[in-house]
Amino acid sequence: MRTGVSRREFIKAGAMTLFGGLGAAIFGQKAIGHPQRQMNQDPADAMATTVGEVDHEANGFNPSDILTDFDYGEVSTLENGQTLREYTFYALNKNIEIAPGIEFPAWTYNGRVPGPTLRCTEGDRIRINFTNGSTHPHSIHFHGIHTMQMDGVPGTPGLIPPGESFTYEFDAEPYGLHLYHCHAFPLARHIAKGLYGAFIVDPKEGRPEVDREFVMVMNGFDVDFDNENDFYAVNSVAFHFQKHPIQIRVGEKIRIYLVNILEFDLINSFHLHANFFDYFPTGTRMEPSEYTDTIMQTQAQRGILEFSYKYPGLYMFHAHNTEFAELGWTGNFEVLE
Amino acid sequence: MAEKSNSTKIPSSINIQTAVLLILPLLVLGAVIWLFLSTGGGLQLRSPAPVEALTVERSLLSPGSIDLRIRNGGPDDLRIAQVIINDAVWPATVTPNPIPRLGRGTVHLNYMWTQGEAYDIRLLSNNAISFETQIPVAFNTPQPTGRTFLSFTLIGIYVGVIPVYLGLFWFPALRQLDRRWMTFLLALTAGLLVFLGVDTLAEALEQAGQIPGPFQGIGLIGTGALVTFLLLDAISKRQAATGRDEAAQRQSLAYLIATGIGLHNLGEGLAIGAAFNVGALNLGAFLVVGFIIQNITEGLGIIAPVLRDRPGIKQLAWMGFIGGAPAIAGAWLGGFAPSPTLAVVFLAIGTGAIFEVVYEISKLIRKDTARQPMPATVFGGVTTGMLIMWITGLLVK
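Protein chains in written order, with our numbering: chain A, 1 to 337; chain B, 1001 to 1397.
Please keep in mind that the hints were generated in silico from the structure rather than gathered at the bench. The model shown is predicted, which means the values in this text are computed figures rather than measured ones. We treat Cβ as the ideally placed atom computed from N, Cα and C, and that holds for glycine. Mixed in with the good hints there might be a few duds.
Here's a subset of chain A near chain B, in silico, CB distances under 8 angstroms, partners left out [to be verified]:
#1 46
#2 50
#3 51
#4 99
#5 100
#6 101
#7 102
#8 223
#9 224
#10 238
#11 323
#12 327
#13 328
Let the hints inform the model, and build the full structure from the sequences given.
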């Protein structure tokens, strides 16, 4: 984020009016044949977006796939009857294209940003075999309840030099939506470079049934290393869900696991258009704390959103830090009949 | 017969031999270049990060659209991947993309900008190198229509033509002065010109910092200034050699001064036009009055060498035109087609011309002081000239 003068804020307010106008225009349309809008012709219709398309194949991951690729690990049962979930993690330096034509020299878990979405049930034994294939010391620091030995910070056995390995092992608790990230120092650099991911611990009795579940990790990238983000996104690629809307149906129950890992900026936020949602902060209680259409999170804050759409159409979701929205953190739900 | 053909052959064979010897190093050079390009010369030195340079030469605004004229000053072709305007990624059309080395390109944005507001535009190359440019005050870029043409013409007239002619009006009064005071005025003119020359040089150096590195702004200044100096020197020497009388020589010096001042005013017009173009200049009445007061002394300078002669009104008119009118051309050029590189060239020429004229004046003064030494007059004249420029400069800076 750049420190803006009040005049700039005013300009952004103007841009938001433009957003609102677009929303109204879309709402008026009955049939959404082609959600991709032609933005370039009339200046009045112009809106923030990138030019071109990211090479997802070269990246090795697609933000749309990350929405639903829950990783349950290699499952077995321990002698005491406890479920064991084993994962293989490796740290790897890799260039990823975070906006068309813009490559970011990332540090990744398993070659992707965000790393794998770990999913388990409360009380499961988690075992992570971690190898550091990168050029810097790294660790995996889980948010959860565990021993100091498994905390993955300097001074504990879990901080791993390049080329070496370590196994993290702990019981998954408490239930909720958590995250993991590298805790080597300088911490801001290690997080901003891409070493993070979502960690979902389901309650023993499970959560109420929904039709669709999505994982959204809100992040940003400082491509010119001035400690300010240049692009913002959900699941790493700027404007990805604006160009590739998430298709859902009217009345479908949707659950979003929303994690904020954004470095350099103090807060991030999520705003859903033409709808309201139940919000479960950290997912550690079964009762929502709020029924709203906008929530904010600081780094490492996370929460679960539940909603369904009443009307078909193309609806935006974006950070209501509108600067982030216009620098990539904007998406669309395409609600079909 | 045989001898004769030999004697004619010898010089021609020497010529062929000389030609071969001249061409041989070039052939070897070609072979070396070919060898390097095809083998790489065994150098294993690659920059750890790509080196890119981009200069935004001009921004053009019209309702709902912004165009940037850019130049790639880097060692390789440069591709623009994304454009961010006031912290929003904005769809842009870049032609051509990539931009060849030293080539020019255009970035076009459909963007509803607001009159009077500031914009910060970042061009991100596909190596994620960011090039920033500011539009300090957004307003419609003046197009060369009849009205703006007239406006820029008026600017040129106010800044160049009127003050120079006003200065010429001193001619009848100054003719009454005695020789010592005329020398004082010559010294004063030299002082004015030294001040203007330094000012022009400083402006040239400042502009040189804004042009792409490969165009070697400083080298351009050195070349432009020295070539102009030597050219004017050659011209005046040639006139002196034609054996004309001193009066004719003084008159040609007046024309030279007019030319030098004209080139300076061309630079001044360029700067005003370009500054007006980006909204960096509030060309209010106060500033115009300031320019008139400062430049009136330029007219004085032009007539200083011919005070003891009787130039016709037509001659004076021409001198005033040569000294003042280039400000109009400068304002047009700066206002409608500003090019930092061209500006450096003009300013360099102006610098060379002004210092050459100072050199000519100093020769004239030396002639005068040879007959009657007057060190205080020369010292006082130069000092007064420079101080006049500094003090009147307070009005326009």
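Checked hints:
no. : hint : in the structure
1   : 46   : holds (5 angstroms)
2   : 50   : holds (5 angstroms)
3   : 51   : holds (5 angstroms)
4   : 99   : holds (6 angstroms)
5   : 100  : holds (6 angstroms)
6   : 101  : holds (3 angstroms)
7   : 102  : holds (5 angstroms)
8   : 223  : holds (4 angstroms)
9   : 224  : holds (5 angstroms)
10  : 238  : holds (7 angstroms)
11  : 323  : holds (5 angstroms)
12  : 327  : holds (6 angstroms)
13  : 328  : holds (6 angstroms)
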